[in-house]
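According to mature numbering (1 follows the signal peptide of the UniProt record, and there is no 0), the sequence shown holds residues -18 to -1, 1 to 387 in order.
It should be emphasised that the hints constitute simulated quantities derived from the structure, not laboratory data. Even for Gly, the Cβ is constructed at its ideal location relative to N, Cα and C. Where hints are given, some of them may not hold.
As the list claims (entries may be wrong) - Computed list of lysine-lysine pairs in DSS-like fashion (alpha-carbon distance at most 27 Å, straight line):
{"hint": "1", "residue 1": "Lys22", "residue 2": "Lys89"}
{"hint": "2", "residue 1": "Lys74", "residue 2": "Lys47"}
{"hint": "3", "residue 1": "Lys344", "residue 2": "Lys194"}
{"hint": "4", "residue 1": "Lys36", "residue 2": "Lys67"}
{"hint": "5", "residue 1": "Lys74", "residue 2": "Lys118"}
{"hint": "6", "residue 1": "Lys107", "residue 2": "Lys22"}
{"hint": "7", "residue 1": "Lys6", "residue 2": "Lys55"}
{"hint": "8", "residue 1": "Lys67", "residue 2": "Lys130"}
{"hint": "9", "residue 1": "Lys244", "residue 2": "Lys55"}
{"hint": "10", "residue 1": "Lys130", "residue 2": "Lys22"}
{"hint": "11", "residue 1": "Lys194", "residue 2": "Lys385"}
{"hint": "12", "residue 1": "Lys136", "residue 2": "Lys89"}
{"hint": "13", "residue 1": "Lys130", "residue 2": "Lys74"}
{"hint": "14", "residue 1": "Lys81", "residue 2": "Lys136"}
{"hint": "15", "residue 1": "Lys260", "residue 2": "Lys107"}
{"hint": "16", "residue 1": "Lys22", "residue 2": "Lys47"}
{"hint": "17", "residue 1": "Lys6", "residue 2": "Lys67"}
{"hint": "18", "residue 1": "Lys385", "residue 2": "Lys372"}
{"hint": "19", "residue 1": "Lys6", "residue 2": "Lys47"}
{"hint": "20", "residue 1": "Lys176", "residue 2": "Lys136"}
{"hint": "21", "residue 1": "Lys36", "residue 2": "Lys345"}
{"hint": "22", "residue 1": "Lys55", "residue 2": "Lys74"}
{"hint": "23", "residue 1": "Lys111", "residue 2": "Lys244"}
{"hint": "24", "residue 1": "Lys107", "residue 2": "Lys176"}
{"hint": "25", "residue 1": "Lys55", "residue 2": "Lys118"}
{"hint": "26", "residue 1": "Lys345", "residue 2": "Lys372"}
{"hint": "27", "residue 1": "Lys244", "residue 2": "Lys67"}
{"hint": "28", "residue 1": "Lys136", "residue 2": "Lys47"}
{"hint": "29", "residue 1": "Lys22", "residue 2": "Lys36"}
{"hint": "30", "residue 1": "Lys136", "residue 2": "Lys118"}
{"hint": "31", "residue 1": "Lys244", "residue 2": "Lys136"}
{"hint": "32", "residue 1": "Lys55", "residue 2": "Lys260"}
{"hint": "33", "residue 1": "Lys74", "residue 2": "Lys176"}
{"hint": "34", "residue 1": "Lys74", "residue 2": "Lys22"}
{"hint": "35", "residue 1": "Lys107", "residue 2": "Lys81"}
{"hint": "36", "residue 1": "Lys22", "residue 2": "Lys244"}
Said to hold, decoys possible - Here are the computed distance ranges between Cβ atoms for each label pair:
{"hint": "37", "residue 1": "Asn318", "residue 2": "Ala232", "range": "44 to 54 Å"}
{"hint": "38", "residue 1": "Ala320", "residue 2": "Ala232", "range": "13 to 23 Å"}
{"hint": "39", "residue 1": "Cys153", "residue 2": "Asn291", "range": "36 to 46 Å"}
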Amino acid sequence: MRKFSIFIAILFCSFAHAQLEFEKGYFINNSGETTECLIKNMDWNLNPDEFEYKISGNSQVETAKASDVREFKVGDFYYVGDYAKIEISSTKSGNLDQKRSPDFEEKNVFLRLLVNGEIDLLEYKTSSKSVFFYRKGDDEIEPLIYKKYLVNRKILENQRFRQQISNELTCENLNFQIQNIYYTRSDLMSYFTKLNNCINSTTPFYVVETGKPEFYFSPVVGLGYASLNVDRGLNAAGTELNGLEYGLGANLEYNFSFNNYKWSAVGELFYRSFSDEKFVDARNYDADLRVNYNSVNFFLGVKHYLFLNTNMNLFLQAGPVIDMPVNSEILFANTNRAMDPVLEDLDITLGFRFGVGLDFSKKFHVGMNYESRAVNGERFVEGGYDLDWKSSYNSLNLKLGYKIF
């Protein structure tokens, strides 16, 4: 079973790398020359500083930087290269400065084109913030200004972008409350879309698709094979118990919209049951070792989808598992002692899960999972026994789920 976990890890890395494909696209350099080529689509969540491309399938991979490219497009990603003014002040309340004026840094960047029309809307997104820009026709790209700052321990906002919209980015027939616009992608995209429709409703223009996160709930049933290896426990050290485990539970999935819905956060509550017994032949005394192990475990992990076709996706998942034993018992029976040792109070332990599976039509999903965790506990009965139990529990199980919503 340990080899299976290694296999899953290797499979995850291999498929994740394979998904980064070179796709048809183009770029225009600073001299205005257009190059049709294959561009590696990285499903960027944050703005890139460069991209890799090949002139043809067998060509050498080359790199193009923001300082050398006027624009490039691949898939749903459309970027414009510019020497732009980036507002770099912190947005965290503990690190705000006391200046109302924006703190600009000029550098070569790729700005993502969100709305492309008579008036463009562009975005520069980093791990800490998003800043937005506009361009009217062939004019220079200008920043839409917004900044949080601190005055007498009170957080204030420089919302000059609203004044910029009011002064420069309006249309006579556009009925829109500018004071209701917030400095967010959704609000600004909505306004710029309406603005371009108002300016010239007959001219088509480009608007990037922005999906919303999706939430799924699935009942799950499972069947698997498990082994419990005893490390310590009276005369049972070195004993291995094996058998089927079965269970049922519920799975919750939050599918993020970025990277083309390839990443999800997953939570699962699952009840499982395992039992086996084995005769233990020891120097001091013999016993029938019986293990009835039932637990509720909570899995919290990350799932990554690898698209195969429109109706079927491969997925890989990994994360920690909290295991809470319920109504479990470890019994040394028929020992011919004054009292047979028994342990019912087992510890809550932390384990780990690797898994691989298939998702069919976004409804059915089936997965093979490897899990490993400890099963531990201790009981002392004065004048009877001191049972200090340490063991490892490994399982390989198949789970089937159906997404209700």
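Quiz item: Okay, which hints does this one fail, numbers in order?
Solution: Hints 2, 4, 5, 10, 12, 15, 17, 18, 20, 21, 22, 26, 27, 28, 30, 31, 32, 33, 34, 38 not satisfied by this model.
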